[in-house]
Amino acid sequence: MPGIGPKSAQRMAFHLLERDRDAGRQLARVMDAAMERIGRCERCRTLTEHTRCQICANARRNVSLLCIVEQPSDIVAIEQAADYDGLYFVLGGRLSPLDGIGPEELGLDRLEARFNEPELDEAILAISPTVEGLATAHYISELARCSSLRLSRIAHGVPLGGELEFVDGGTLAHAFAGRQGL
Amino acid sequence: MRAQALKRGFVLHRRDYRNSSLLLEVFSAEHGRLACLAKGAKAAPKGRGALASLLQPFQPLWLHWVGRGEVKTLTRAEAAAPAIALSGERLYCGFYLNELLMRLLARDDPQEPLFVFYQQALADLATEPMDAVLRRFELRLLEELGYALDLRRDRHGAPIDPSRYYGYRPDVGLEPLLDPRWESVPEPVPVVASSLAPAALVSGATLQRLAAGSALSPRESRAARGLMRAALAPHLGPKPLRSRELFRRRPG
Ligand SMILES: [Zn+2]
Numbered sequence: 001m002p003g004i005g006p007k008s009a010q011r012m013a014f015h016l017l018e019r020d021r022d023a024g025r026q027l028a029r030v031m032d033a034a035m036e037r038i039g040r041c042e043r044c045r046t047l048t049e050h051t052r053c054q055i056c057a058n059a060r061r062n063v064s065l066l067c068i069v070e071q072p073s074d075i076v077a078i079e080q081a082a083d084y085d086g087l088y089f090v091l092g093g094r095l096s097p098l099d100g101i102g103p104e105e106l107g108l109d110r111l112e113a114r115f116n117e118p119e120l121d122e123a124i125l126a127i128s129p130t131v132e133g134l135a136t137a138h139y140i141s142e143l144a145r146c147s148s149l150r151l152s153r154i155a156h157g158v159p160l161g162g163e164l165e166f167v168d169g170g171t172l173a174h175a176f177a178g179r180q181g182l
Numbered sequence: 001m002r003a004q005a006l007k008r009g010f011v012l013h014r015r016d017y018r019n020s021s022l023l024l025e026v027f028s029a030e031h032g033r034l035a036c037l038a039k040g041a042k043a044a045p046k047g048r049g050a051l052a053s054l055l056q057p058f059q060p061l062w063l064h065w066v067g068r069g070e071v072k073t074l075t076r077a078e079a080a081a082p083a084i085a086l087s088g089e090r091l092y093c094g095f096y097l098n099e100l101l102m103r104l105l106a107r108d109d110p111q112e113p114l115f116v117f118y119q120q121a122l123a124d125l126a127t128e129p130m131d132a133v134l135r136r137f138e139l140r141l142l143e144e145l146g147y148a149l150d151l152r153r154d155r156h157g158a159p160i161d162p163s164r165y166y167g168y169r170p171d172v173g174l175e176p177l178l179d180p181r182w183e184s185v186p187e188p189v190p191v192v193a194s195s196l197a198p199a200a201l202v203s204g205a206t207l208q209r210l211a212a213g214s215a216l217s218p219r220e221s222r223a224a225r226g227l228m229r230a231a232l233a234p235h236l237g238p239k240p241l242r243s244r245e246l247f248r249r250r251p252g
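If you read the sequences in order, they're chains Y and U. Take the first sequence: its letter number 44 is residue 44 in our numbering, and every next letter is one higher. Take the second sequence: its letter number 204 is residue 204 in our numbering, and every next letter is one higher.
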């Protein structure tokens, strides 16, 4: 499991078995229910118990904005940190032909369909700036080219509070390419 | 401690391993393709960027690793030059080159000339017409792997005649087409052959221009692409190359 090595996993298992079997059973029930009930939102592909997730079903969200992210956990991060009230689309990864991940695996045909919805004005790409992320962003920009959509991407660059001399060359190159007027 | 001898290399592919490590497929000049574990590469030391941002495809690297088993352990990595700036479809071409190498190179088989061609192809991809770079690399790849495609002679040893058309099948080679009616057939028309062997139809003029590395017209490019696809097919096997899917109208 990500974040838990074999030693920690063993400690957790012993703790539940030796000291707290009720909590262990409770955990098993919750996990079982989650594995059974949680599926993908029909609009944005995030994980949800319903056919539409809370964000897609929320009438107060701004339907003219669509933020494209890699993972459901990215939605959580953006919701917590940013002042964003639009909708989302979850790719579930990045284009990576060597891993067998192509346009179909990322649901890009569904994304293209959403680009053609009249209420949408702007799509924001929030994809990591790895080479696969850049390829994904390019592919999506090609999908959007026929529509009148505005396409933007979140800025990549020097971390807040970071010192320039410690920033790696690739990040620095991106930061220069994406410089802004003052 | 002895000074570590750093070796030139590129990351062909990487995937996450455990929490913060990366499992790399490296193409190194002196050692060929090898698997290398970069422990803790995704964890950023205080105030610094993580090594993971350096260990990406198309970044010329100096590398040092230890270990004798199937998977080596990376001990050092430095940028040998700025990352090769590929964007848009040129990135897809880069993936295509990497996929070819992943599929066709055996591990731990030194391929020093091929490394030089690969590095050159990446550099050329940033500026030159993509098709020309890909065809040149495919020809060199086949040659270095011992399956050189002779573009100057047909299967009977006769020099290529620019006014003729040739059928190509990997198991047969270039066969001049006798029927003069072929000469009015627009390229590329696949030659119907057995379902096992892929085939291509190409004009002698295109073959000559491809051999000379000259610029190709869009029509000649398509024919050259078909020819190289057929030539690579027996070595790639039936599993399709996934990077070709990314080109929506203009497959690699
Ligand atoms: Zn949703």
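Derived from the structure by calculation, the hints contain no laboratory data. Don't take each hint at face value.
Unchecked claim - Listed next, with one range per pair, are the computed distances between beta-carbon atoms:
# : chain 1 : residue 1 : chain 2 : residue 2 : range
1 : U       : Pro110    : Y       : Ala9      : 16 to 22 Å
2 : Y       : Met31     : U       : Lys239    : 32 to 38 Å
3 : Y       : Glu79     : U       : Asp16     : 20 to 26 Å
4 : Y       : Gly100    : U       : Arg248    : 17 to 23 Å
Please read all numbers here as calculations on a predicted model, not as lab measurements. Beta carbons: idealized from backbone N, C-alpha and C, even for Gly.
Against the structure, the hints:
Between proline 110 of chain U and alanine 9 of chain Y the CB atoms are about 41 Å apart, so this pair departs from the stated range of 16 to 22 Å. As the Cβ distance of methionine 31 of chain Y to lysine 239 of chain U is approximately 36 Å, the hint placing it in 32 to 38 Å holds. At roughly 24 Å, the beta-carbon separation of glutamate 79 of chain Y and aspartate 16 of chain U lies within the given 20 to 26 Å, and the hint holds. The beta-carbon spacing between glycine 100 of chain Y and arginine 248 of chain U, approximately 18 Å, falls within the hinted interval of 17 to 23 Å.
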